[in-house]
Amino acid sequence: QVRLVESGGGSVQPGGSLRLSCAASGMNFRLFPMDWYRQTPGNQRELVARIESSGSTNYVDSVRGRFTVSRDNVYWRLYLQMNSLQPEDTAVYYCHTKYREVVFFGQGTKITVST
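Under our numbering, think of the first position of the sequence shown as -18, with each following residue one higher.
Fair warning: there could be bad hints in the mix.
Said to hold, decoys possible - Computed cross-link-like contacts, SDA-like style, restricted to lysine to any residue with a CA-CA straight-line distance of at most 20 Å:
1. K79 <-> Y60
2. K91 <-> S(-12)
3. K79 <-> R26
4. K91 <-> N54
5. K79 <-> R58
6. K91 <-> R11
7. K91 <-> V55
8. K91 <-> S35
9. K91 <-> G36
10. K91 <-> E69
11. K79 <-> Q(-6)
12. K79 <-> V94
13. K79 <-> Y40
14. K79 <-> N64
15. K79 <-> L(-1)
16. K91 <-> V41
17. K79 <-> P22
18. K79 <-> T93
19. K79 <-> G(-9)
20. K91 <-> G(-9)
21. K79 <-> D53
22. K79 <-> R(-16)
23. K91 <-> L12
24. K91 <-> A4
25. K91 <-> T21
26. K79 <-> L12
27. K79 <-> R45
28. K91 <-> R31
29. K91 <-> T78
30. K79 <-> G36
To be verified - The calculated label-pair distances, taken between Cβ atoms and stated as ranges, are:
31. V41 <-> R0: 28 to 36 Å
32. V55 <-> Y80: 30 to 38 Å
33. R81 <-> Q(-6): 38 to 46 Å
Don't read these hints as lab results, they were simulated from the structure. The beta-carbon is built from N, C-alpha and C at its ideal position, and this holds for glycine as well.
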């Protein structure tokens, strides 16, 4: 069974940084694209960043240049380095993958950006 467990959330002031981690198990991690999504109350989950098995990356425009997604294919971990955080980045962030046509999300980790 695929399991994704996020960590690293918390509160930070505008302009600050945080690093999220996602520990994956139950899948051959290195073979699959991995994503970070985020969700605010009353809204759908938004794809924030994707990293392919090749290592190529893509970002939503609102975070490009501030967030960096990376992966460790030895320890099966996904990361999201978030810099220059703004109040609009406040959300619950989820690790995501699609394995054998089944979508998996972690339990989420909350980020709050405020003064």
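List of violated hint numbers, smallest to largest: Of the numbered hints given earlier, those the structure breaks are 4, 6, 7, 8, 9, 11, 12, 14, 15, 17, 18, 19, 23, 27, 31 and 32, listed in rising order.
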